[in-house]
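Here are the chains, one letter per residue:
2 protein chains.
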Amino acid sequence: MTNNTLLDQLNWRYATKKMDPTKAVPQDKLDIIVEAIRMAPTSSGTQPFELLVVTNPEKLEAIQAAAGGQAQITDGSHLLVFAAWDNYSKERIDAVVDLNVEARGDLPKLHAYYDNLKDNYVPRDAEVNYAHAARQAYIALGVALVAAAEQEVDSTPMEGFDPAKVDEILGLPERGLRSVVLLPLGYRDPTGDWLLPMKKVRKSLDTIVTHVD
Amino acid sequence: MTNNTLLDQLNWRYATKKMDPTKAVPQDKLDIIVEAIRMAPTSSGTQPFELLVVTNPEKLEAIQAAAGGQAQITDGSHLLVFAAWDNYSKERIDAVVDLNVEARGDLPKLHAYYDNLKDNYVPRDAEVNYAHAARQAYIALGVALVAAAEQEVDSTPMEGFDPAKVDEILGLPERGLRSVVLLPLGYRDPTGDWLLPMKKVRKSLDTIVTHVD
Chain U
10 MTNNTLLDQL
20 NWRYATKKMD
30 PTKAVPQDKL
40 DIIVEAIRMA
50 PTSSGTQPFE
60 LLVVTNPEKL
70 EAIQAAAGGQ
80 AQITDGSHLL
90 VFAAWDNYSK
100 ERIDAVVDLN
110 VEARGDLPKL
120 HAYYDNLKDN
130 YVPRDAEVNY
140 AHAARQAYIA
150 LGVALVAAAE
160 QEVDSTPMEG
170 FDPAKVDEIL
180 GLPERGLRSV
190 VLLPLGYRDP
200 TGDWLLPMKK
210 VRKSLDTIVT
220 HVD
Chain X
10 MTNNTLLDQL
20 NWRYATKKMD
30 PTKAVPQDKL
40 DIIVEAIRMA
50 PTSSGTQPFE
60 LLVVTNPEKL
70 EAIQAAAGGQ
80 AQITDGSHLL
90 VFAAWDNYSK
100 ERIDAVVDLN
110 VEARGDLPKL
120 HAYYDNLKDN
130 YVPRDAEVNY
140 AHAARQAYIA
150 LGVALVAAAE
160 QEVDSTPMEG
170 FDPAKVDEIL
180 GLPERGLRSV
190 VLLPLGYRDP
200 TGDWLLPMKK
210 VRKSLDTIVT
220 HVD
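Chains as they are written, first to last, in this note's numbering: chain U, 10 to 222; chain X, 10 to 222.
Because the hints were derived from the structure by calculation, they are not lab data.
Any given hint could turn out to be false.
List of simulated lysine to aspartate or glutamate pairs, EDC-like, C-alpha gap at most 16 Å [unchecked claim]:
#, chain 1, residue 1, chain 2, residue 2
1, U, Lys68, X, Asp222
2, X, Lys212, U, Glu44
3, X, Lys212, U, Asp107
4, U, Lys212, X, Glu44
5, U, Lys212, X, Asp103
Using the sequences and the accompanying hints, generate a full structural model.
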């Protein structure tokens, strides 16, 4: 493993434009990436999204057609689809409470906390709640990008797709889910990727960091 | 360093409830965390947020008052504030183009890409653009949480604050920024933190992962 530190990993990774369709991500590396997503922190521990790991060729082709034909979707070996809850509900939060009780015991503090959360979330507009859930999926996306780089697996975060079509392809509406972001996993094709030789572009520290001291 | 792998780091970290006010994060570790945030990927490389590193005691107390008095804000040694662009604009995207031209050369493809982005983004409602920018900040938040854990620095992601008040305290509106999420950094107080001895709670793989194969 040459990507020893997080900064090594962040410098190694890039939004891979051309993946080698002959190379598949091995199961043990996929498992680590998925486990990292599962362990990613979320607001109040609700984990308000699910992960779909798509390898079915027909589904991948249909998703690709709903994503402007981006080649990585079928050239990669696995497509991760982050799908956020379309809303918060009493039932969904109660399931989180049950899990907490199971792990930590039936603490009054715990019930009070999530009762308050339900009072706040459940009456809110579904779009507000979906937007909040989608942000949590983006924390996991950040973690997944690091996890892939640690495993020297390439990945390409993608927002450029028709979410309604992807939702339909994967049967998400009936599960109360909405697709948020796609992440194909695979291996870069060093001879076919125009982006690989290009210098990474980031703003300077001076541009994006302010010290309030 | 005992947190060798990402999964070690994700298991080590937790949303620290009580930090030790006598321990400060050393500069070299802070620098690595900030650098990881700078290197975090964002949609079309726009990096549509800024990072404020707050150590000023008066500002920290004012932010704490706008965040329900959460102790970590003043017990930690540094408060990171992720502040997203309140909107996309021609000027902001042109600055990204300039940076790309500087690093990669004056490629026609590059101009075409960002011209298209401007056509899409600039006419959109400011709230839609802010929401998109805020999601990018959440990718960096995910990366920052990992960076802190890698450095064995504790952190507590916080959404529970009044963003309008925090914006005012930090003078964000005049800079076209809106506070998205707070991340105090510091060191856990092992004797004072009720959460530390508790078992980490996460949903099972079966609950959150679906294989479409």
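Among the hints numbered above, which are violated by the structure, and what are their numbers in rising order?
none
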